[in-house]
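Visitor: Here the protein sequences come in this chain order: A and B. Going by the UniProt record's numbering, 116 is the number at position 116 of the first sequence; the sequence numbering is gapless. Going by the UniProt record's numbering, 42 is the number at position 42 of the second sequence; the sequence numbering is gapless.
For the record, the hints were derived by calculation from the structure and aren't laboratory data. A hint or two may mislead.
Unchecked claim - Okay, derived cross-link-like pairs now, DSS-like style, lysine-lysine, Cα gap no bigger than 30 Å in a straight line:
(1) B:K198 - B:K185
(2) B:K246 - A:K366
(3) A:K287 - A:K366
(4) A:K158 - B:K198
(5) A:K192 - A:K181
(6) A:K369 - B:K312
(7) A:K406 - A:K290
(8) A:K406 - B:K184
(9) B:K191 - B:K228
(10) A:K158 - B:K300
(11) A:K366 - A:K295
(12) B:K319 - A:K158
Chain by chain, the residues:
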Amino acid sequence: MPGRGRCPDCGSAELVEDSHYSQNQLVCSDCGCVVTEGILTTTFSDEGNLREVTYSRSTGENEQVSRSQQRGLRRVRDLCRVLQLPPTFEDTAVAYYQQAHQLAGIRTARLQKKEVLAGCCVLITCRQRNWPLTMGTICTLLYADLDVFSGTYMQIVKLLGLDVPSLCLVDLVKTYCSSFKLFEASPSVPAKYVEDKEKMLSRTLQLVELADETWLVTGRHPLPVITAATFLAWQSLRPSDRLTCSLARFCKLANVDLPYPASSRLQELLAVLLRMAEQLAWLQVLKLDKRSVVKHIGDLLQHRHMLVRKAFRDGTAEMGAGEKELQGQGQGQGLGDEDVGSSSLELPAGKRPSSPALLLPPCMLKPPKRVCPAPPVSMVTGDEDISDSEIEQYLRTPQEVRDFQKAQAARQAAQGTPNPP
Amino acid sequence: MEETYLELYLDQCSAQDALTPSRSPLLSPAVPYDVDMLTSSNPETAFNPQLEEVTEASGSFSAVDLSFLPDELSQENKDQTVIRSKHEVEENCKTQSRQIRLPLPSQLDAGLALNSSSGSGSHSHLHPADGNSAQPSPEKPHSMPLASITPMTPMAPISECSGIVPQLQNIVSTVNLACKLDLKKIALHAKNAEYNPKRFAAVIMRIREPRTTALIFSSGKMVCTGAKSEEQSRLAARKYARVVQKLGFPARFLDFTIQNMVASCDVRFPISLEGLVLTHQQFSSYEPELFPGLIYRMVKPRIVLLIFVSGKVVLTGAKKRSDIYEAFENIYPILKGFKKA
């Protein structure tokens, strides 16, 4: 550049300003000799403020990428780091984000949506690698609404044509249970509440498996079920000391949020356990209730497969044609209630408490909220005559129109002067 | 001699038609299927006794609701819709469809031909497997679905129909009134209208019979929602157009189209949604964290189904009633496979 001097080596006037790792340099474009250099460090105290420039920033890689996309990619990387995901996840999530950004609908979307999109990409990556990350966690990290998140998530899965497997329940249980702060004594957690992690994990897993078998998990959010199962597992490992502790207090102790549906899941799980207990002869005589059954959860879980089979009749047989079919199929389906020792081929309306219950999701066991009457078969053709009187009932008479206009004007006036003197 | 038998049978059929309102005699040949269902135990009975059963069957046939059939139908369409509708509307058919063995001779009248290609692939028993004289010629103008009358051996059983009919819950339709409207004037002169320009740029009007809601825009376009059948939607749209007319606008009734139909039904057994999403991953989307139901996007016909664990199914996205029925018949065997957890 003119006026800047000449290269000391070759004498050329073509000097170019170039930066090398944020250090300003004046370089001769002919021979490459560095004429002057910017100062790398100023004082000893300043050195601490300098950060290294990453490779991606010094190359021209980001010049073709729009600033909003750069921001989004940075957000994706930050999320992966916060969640402490393995390094390969970051690359996949970034690739998804770049793919998504190619779509016109995403490129022109609001900033809020692009923020949420970063979370969606991370979630999809985790789901595909069986890393148990819930949408709730991502939404908390993004400070986003679940509605906004769900809309963007469904849209991006459809647009990119991705195959997203379901949340892996077993892994979620392990991760979630480990987050409960009950494994060592602390000022807030008395010694009698401290529990061994492995024992609690294995029992929780068994309870969640039981819930899955008895239709308590399908269609529901997985987390409250796991909360309820963890609570029961914890209680059952030392019932004498822990029966007095409620679910809410348990979650507060463990420093975990209590999801709202967890208490109803707990009731459902206890009902299932009670039904199973009725099949064990030595428990029948004890006449267990929801609190006392907790003491025997260990035994019940040990024989859970057999007990579930015995305690619950296949709900589908009942829903079929009628009595005949039920009785015919009942024998083949292991309806046998041998512990009770009486014939079990009776209708569910039997008064004996140990007659097998229907194994159905809770929504099918509850009576319908309102009976929907079958709509009357109307023989409307669509071309019938429409009487004038029928139409006139919907029109205002001129007098009514005048009254209405007067009323509207009065209302406008009243609104215009909010503080009448 | 053989012709007399045939005519006798046809006379019986047209006698039944007097019971079912506004049905042409050509629709009655669908009765054989009905008879088939009811008298499946006796495929070899002689023709005469079966005629009596035909009249008995007529009672149940007339009870079947065929109101969804469109008013104007070409001859061939009529046959096809009847065949399809009959199969769709069958009630509680537990037995498999079989052919009636009618000892009719192979020579048929010139006016009779088999309407073998009824359009729905699953009803393959209509095709005469053994090449008898009744040559199927769908191009014939007076073709009638008399496939069952020709002597045929019972074919292999076809898959059971579900016996469940989805009930229509909502129809959305649009119509063009073809004139600019003054929404303020409509809101002032109509009792059943609400207009809040700051919230939404249309008048929301409701009528009591059929119980529907309409969105009327200033461009003259109108959306009618809430009806339970196509005819009700059309009647309601006409009533709204009449109201607008009475308010002094030159409203017409152009391009009435059904945009969306929503139906629901209950299969009455619990469904394992996790299993369903595993095997039908490319069509299903199941996110229990977001929504308790599984969203199944069927490709043919293009219908979206919401499947819940209780066995309730909601079908939406249809433009025609037959799409809904077809979609349900497609999904029912899949759901049956996931009955148990």
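Visitor: A separate judgement is required for each hint: does it hold in the structure or not?
Guide: These are the hints, each one checked on the structure:
With a C-alpha separation of about 16 Å, the suggested pairing of K198 (chain B) with K185 (chain B) holds against the 30 Å cut-off. Of the pairs offered as hints, the one joining K246 (chain B) and K366 (chain A) is violated, with about 50 Å between alpha carbons and a cut-off of 30 Å exceeded. Between K287 (chain A) and K366 (chain A), the direct Cα distance comes to roughly 24 Å. Compliance with the 30 Å bound is thereby established for this hinted pair. A threshold of 30 Å between alpha carbons decides the hint, and for K158 (chain A) with K198 (chain B) the separation of about 34 Å lies outside it, so the pair is violated.
Taking the CA atoms of K192 (chain A) and K181 (chain A), the gap is about 14 Å. The hint holds against a cut of 30 Å. At most 30 Å may separate the alpha-carbon atoms for a hinted pair to count; K369 (chain A) and K312 (chain B) meet this at roughly 15 Å. At roughly 65 Å between alpha-carbon atoms, K406 (chain A) and K290 (chain A) are farther apart than 30 Å, so this suggested pair is violated. Between K406 (chain A) and K184 (chain B) the CA atoms are separated by roughly 15 Å; this keeps the pair inside 30 Å, and the hint holds.
Using a Cα cut-off of 30 Å, the hinted pair K191 (chain B) and K228 (chain B) holds, with the two alpha carbons roughly 24 Å apart. Of the supplied pair hints, the one linking K158 (chain A) and K300 (chain B) holds, its CA atoms being roughly 18 Å apart against a limit of 30 Å. For the suggested pair K366 (chain A) and K295 (chain A), the alpha carbons sit about 28 Å apart, so the restraint of at most 30 Å is met. For the hint linking K319 (chain B) to K158 (chain A), the alpha-carbon distance of about 22 Å falls within 30 Å, and the restraint holds.
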